[in-house]
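Q: Sequence:
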Amino acid sequence: MKNYFLLLLLSVSLLFACNSSKNDNAATDDSGKEATVKTELEKKFYKRLEGTIAGKPVVMNLQRLNDEIEGNYFYEGSWLNLSIDTLIGKDSVVLFENSFYDYYFDKDAKQNHLGLKWTGNGFKGTWFDGSGNKTFPVLLAEKYPEGSYQFTTGSYADSVKAFAGNDKSPHATIGFEYLKAVNNDDAGKWLDDQLKLISGIDKGTADRATGFKKIASTYLEDYKKEIGAEKKSGPDRGYELWMNYSSNSQQSISYNQNGFVVIDFLTDAYTGGAHGNYGSTMFCLDVVNKKQMALSDIVKIDSNSLQGLLEKNLRKQYNIKPQDQISTVLFDNFLKPNNN
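Counting from 1, position 109 in the sequence shown corresponds to residue 1211 in the working numbering; the numbering is continuous, with no gaps.
Just to be clear, a hint being listed does not mean it is correct.
As the list claims (entries may be wrong) - For lysine to aspartate or glutamate, the following EDC-like pairs were computed, each having C-alpha atoms within a straight-line distance of at most 16 Å:
{"no.": "1", "residue 1": "1146", "residue 2": "1178"}
{"no.": "2", "residue 1": "1393", "residue 2": "1404"}
{"no.": "3", "residue 1": "1145", "residue 2": "1172"}
{"no.": "4", "residue 1": "1145", "residue 2": "1193"}
What the hints assert, rightly or not - Cβ-Cβ distance ranges computed for the label pairs, FRET-style:
{"no.": "5", "residue 1": "1235", "residue 2": "1390", "range": "37 to 47 Å"}
{"no.": "6", "residue 1": "1270", "residue 2": "1391", "range": "51 to 61 Å"}
{"no.": "7", "residue 1": "1207", "residue 2": "1309", "range": "40 to 50 Å"}
{"no.": "8", "residue 1": "1405", "residue 2": "1374", "range": "32 to 42 Å"}
{"no.": "9", "residue 1": "1170", "residue 2": "1235", "range": "23 to 33 Å"}
{"no.": "10", "residue 1": "1423", "residue 2": "1270", "range": "47 to 57 Å"}
Derived from the structure by calculation, the hints contain no laboratory data.
For each residue, glycine too, the CB sits at the ideal point set by N, CA and C.
Given these sequences and hints, build the entire structure.
A: Set out below in structure tokens:
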């Protein structure tokens, strides 16, 4: 595996080295003058890309916040997730390709990779299968056709010690990774308001930092009060080990075209105990009609029929055999519909 990974990096590096080592390339515009194309990846971005992988048309959503790059792409009904493996220089990246359900089909499967170089308006590179036996060309261009929207990324974080002046004091951290609409037109303003609401910021709050600070201050003050009360009334159980609380949220784009934007809102929290908790909520935004969609906007079906469809799809995604109960992956042997 180590030799394969080194070969992958070498292949990617050789591909990227074929171009100039400069950060900018020269191109000619309509006037005949040379225009500079920026070929260095920004530290923060969201990019919607169209192109081909192995000759198949794909649409990719990719976003970056500092050294973290992740996203997804879809083709012919398949939807695959992308996560950072390695950054190479200022213009190239190796990404893991994975499906959440891979493990349930092959516990020993090796992840596929994409080696990509930013060209100034897209990516060129190679897709590598997990075993190292297959490679396919990747060609992607950044595109925002009518009915798709541009965004940028950002973050806010804060923390506090439970007991000031104590080096061993437990502490709490809170963090937000968010999306912000780029355009200031009617659609962009509506989208930005929805993104704020998803993060818990009041709609009328103009500045995100102000909204996040308000949420963080409440969370951190409540933490200090709770830990203080626990120390005063409860037994000493090693506070510095188990009372380090955390709360995080992240917005990412799963779909962005045809007048719709789907936001995947991931949250996780630890408030003591053996493990933390996490959850994911999908927000489907109908930008044209300025509406957050619900399941009832798409399908009219009774709950029993919907439950049957959900359980059938669950078996398909998690590779549950017909003779096995779905409680092999769930706590219960049924999957009731909800509003997500």
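Q: Could you work out which earlier hints the structure fails to respect and list their numbers in ascending sequence?
A: When the structure is compared with the hints, numbers 1 and 2 turn out to be violated.
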